[in-house]
Amino acid sequence: MTPLTSYLLVAALLFSIGLAGALTRRNAILVLIGIELMLNAANLNLIAFWRYGPHPELLTGMMFAIFSIAVAAAEAAVGLGLVIQIHRHAKTTDLDQMNRMKG
Amino acid sequence: MQETISFTPQLAASPIAEILWLIPAVPMVAAGIAALLMQAKRKTSATLAIGSISVSLLLSLMAFAHVLAGWLHGQAVRETVSFTWIQVGSANIDLGWVLDPLSAVMLAMVSFVGLLIFIYSVGYIKHDESFTRFFCFMSLFAGAMLGVVISNSILLLFMCWELVGLTSYLLIGFWYQRPAAAAAAKKAFLTTRIGDVFFLLGMVWLFAQTGTLVFYQSGGGALEPAALAVLLSQHAGLGLTAAGAIGLLIFAGAAGKSGQFPLHVWLPDAMEGPTPVSALIHAATMVAAGVYLIARVYPLMAAGALAGGTTTALTVVTWVGAFTAVFAALIAVAQNDIKRILAYSTVSQLGYMMAGLGMGGVAVGMFHLITHAFFKALLFLGAGSVIHGCQGEQDVRRMGGLKSDMPLTFLTYAIGMLALCGFPLIFSGFWSKDGILEAAQHWSVAKTPFYMLVFGALLTAFYMTRQVVYVFGGHWRGGKPAHESPAVMLVPLGILAFFAMVLGFIGTPAWPWFSAFIDGRVAGFAWRGFMESGLLMLMGASTLVVFLGLGLGWKLYGDRSPKPSEPDALERMIPPVWAALRDKLYVDELYGVTVIAFYGWWARVADWLDRQVWGGVVAGVAWGFGLGAQLNRFLDTNVVDGVFDKGCDELSVGGGLLARMQTGRVQTYLRILALAVVVLAAILFWSSRA
Amino acid sequence: MSFVSYILAALTVAGGLAAMLLKNTVHCALALTVAFAGLALLFLNLDAQFAGFAQILVYIGAVAILVVFAILLTRGSETPRDGVFSKSWPLGLVIAAGVFAVLGWAAIGSARVLPHETAAPTVTVLQIGNALVSRYVLPLEIVAVLLTAAMIGAVIVAMHEKEGQK
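So the protein lines, in turn, are chains F, V and E. Using the numbering used here, read the first sequence as starting at 1 and increasing by one per residue. Using the numbering used here, read the second sequence as starting at 1 and increasing by one per residue. Using the numbering used here, read the third sequence as starting at 1 and increasing by one per residue.
Since the hints were made in silico from the structure, they are not lab data. Some hints here could point you the wrong way.
[Unchecked claim] Lysine-lysine pairs mimicking DSBU-like chemistry, simulated, CA-CA at most 35 angstroms apart: (1) F/Lys-102 <-> E/Lys-23; (2) F/Lys-91 <-> E/Lys-23; (3) F/Lys-102 <-> V/Lys-646; (4) F/Lys-91 <-> E/Lys-87; (5) V/Lys-186 <-> V/Lys-41; (6) F/Lys-102 <-> E/Lys-87; (7) V/Lys-555 <-> V/Lys-403; (8) V/Lys-186 <-> V/Lys-126.
Work out the full structure, taking the sequences as your base and the hints as a guide.
Written as structure tokens, this is what we have:
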């Protein structure tokens, strides 16, 4: 197995773990943590491809990853702000209890 | 010997011939406008009617002058204007009009007499509330009659003929609220219709054989030698050629319109209409249309005659005419209604005209037609004046002594009566009737019509004397006293009286202008004309007959003035004959038993058929529809609605099921999202692998 | 992959697992930080030095701190009564497993066409800087706008209720 493939597998594993957490944990913040893990896994994928792909001198993968980090940071800020707001409103961060939009 | 000038071949029509169509068109347009007027606009309608017929009179006189001018220059005029109306395959149906001496004299007579009667009507109908309607119908009639006169196409003639019949119906039934008037109008229409069916048959046959319906058209017309030769070569059974058979069919139509036996029954009943109507339509013009028609198609009737001989068609015409003349005169003797006497007199005189046409040709018949128009119109208008003066009384037994109460009416009436009887020399009837008698005397087939016509003249003098003595002689037997009529009614009487006397002079043997004009010959004045064989004898004989009749009438009725309850003088002498004559020789009753009974039976059968059979079919169809509608409703309510409702319910259930997906929880949505991405990625990867 | 990479990968995965499985939320946040660190080291191993240091600066230095703040502000340190996992957690697990299956299958299945070991690229910060202002200037500006908007947005989102309560 090439290094690239192993890195891809690691990234996939990390992604799945993050996804599993986002889908199963009750606390909203932990869902956000899961999402951060997923984003990081994607970054790992990007860097791995940059490293082992053709033309690394173009810096495409690296740039992509850097921008992804920046965006992730912004997203984390806003997301956590929202969670805090929800907590103020509903006095809880338990997602199972938040079903006001039930159809 | 007299020179014959032939009719000129079709040249370019003169201006007057081009606008000849205006003569019938103007009164018809006036009728159309009058139809839209309100009943209150009396003056407008009368002005329209009189104005339009004056225009027609003016144009007719111009046309007459043109033809006369041509005749004076030794050129007999016959100008036609034709146009194609319909094209059926390769055959053309043309319409058009003709200006020749025959149509010129007829135009002048119809429009002149019409104008006088219109003026008279203004006074007669003054107190009637349907004044405008009267003048509208009269204008329409005038237009239609003038159309019959000028028409060059037998189809156009037929159309105007039917229109004339229609207006006759409308005017007989003018006072339609009276059941007698309505019935009389219907009778007139139906009886003439029977004649018209034969006319139509003849017309169609003519078209089929000759391919044209136009009378004169540069050699190609139906009355021109080429077409006549075709018709003569066809044989139609019963020893007739096609020409003869068609002529007889057309004569059947003319017999209906002109009241020849046996289709005469409508004319006496037509007296239910107002007197001006009787004067114009049933004395002077419409009934003369039949005679005019025969005169117009005379070449057809006379086709195939050997020199000096006659054809079957003309023989039939003569016999029917002569018979009618005597038949009607006999009935007239026993009538008590002033107008009915005149009606039967008209029928009798029409018989004379037909006999004259059959035996003597176009000029003889037409001359009597023209003179008769004037004096019969005069007599009818005079009778109207009498009725008006007696406040609506029409029974002669309740009149009397009017010669002092209504002197002017008496004077003009007497002139008319003497003209009708044929009083010698100064009255037109004498010359015209003698023309017919002369032709009868020289008829090659038989002498019987001559004797019949002479007997008829005797009867004419007799019954007219009876009538005049009853009305004007003796003393007044009626209710309120009578008064003279207003000037608007008397002036036309005077004018007509003048013509009743003077017109005779255009047809004397010494100066046979009329026949020369009609036949296209030259005529000069010569006393020598009286010296023709037997003419003076004939004139003497007819004078004798007239005086005999007058004398008999005077002797029987004299100054006696019997009361209405007493029997008539003649009745006392021969009661059964009188009864038969008074009951119109039972012709109406005969019709009632045969034709009308059969018709009634047919009508009942048709009614039964209509109600049971056709009505049943319709009801059945309707029931079927009802059934279909019920089935439809059943389907709609149960099947369609059921399906639809069920479907909607299922939709609701499905919606409910789907709504369970919306848990309102973020993680559920995330899961679904992830699942979808998995599936998508799997598919993508799988497809890219291949 | 070299031995070091394996250790680092294991560290990262362990940190991730811990972040998702621990009951105490603060412990989860700290485990997350370990995961972040592991990833940063992996970047460094992959010769993406700038990315690695950016990872440390941003994720560990900012995001992790932020998460801890949020946890503390929402009393997430208290353990909930009903358990930390939602009632239908097996389903979520299955789906995540499905995702891993597909990704793994894609990765292994395309091993043939993926590139092999290549020489390590030398990347200087100068190059990155140059690239940022030349080739990637547009994303740079957009991200700048995005960050500004996010900052303002976060402030507003977190601030609104306070004004209403006043």
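Each hint tested on the structure:
The suggested pairing of F/Lys-102 with E/Lys-23 holds, with an alpha-carbon distance near 28 angstroms, which does not exceed 35 angstroms. About 20 angstroms separates the Cα atoms of F/Lys-91 and E/Lys-23, which keeps this hinted pair within 35 angstroms; it holds. Note on F/Lys-102 and V/Lys-646: the hinted pairing holds, with a Cα-Cα distance of about 27 angstroms set against a maximum of 35 angstroms. Taken as a hint, the F/Lys-91 and E/Lys-87 pair is honoured in the structure, with Cα atoms around 20 angstroms apart against an allowance of 35 angstroms.
Restraint check for V/Lys-186 and V/Lys-41: the C-alpha separation of about 29 angstroms stays at or below 35 angstroms, so the hint holds. For the suggested pair F/Lys-102 and E/Lys-87, the alpha carbons sit about 17 angstroms apart, so the restraint of at most 35 angstroms is met. At most 35 angstroms may separate the alpha-carbon atoms for a hinted pair to count; V/Lys-555 and V/Lys-403 meet this at roughly 19 angstroms. Distance check on the hinted pair: V/Lys-186 and V/Lys-126 sit about 26 angstroms apart at the alpha-carbon level, within 35 angstroms; holds.
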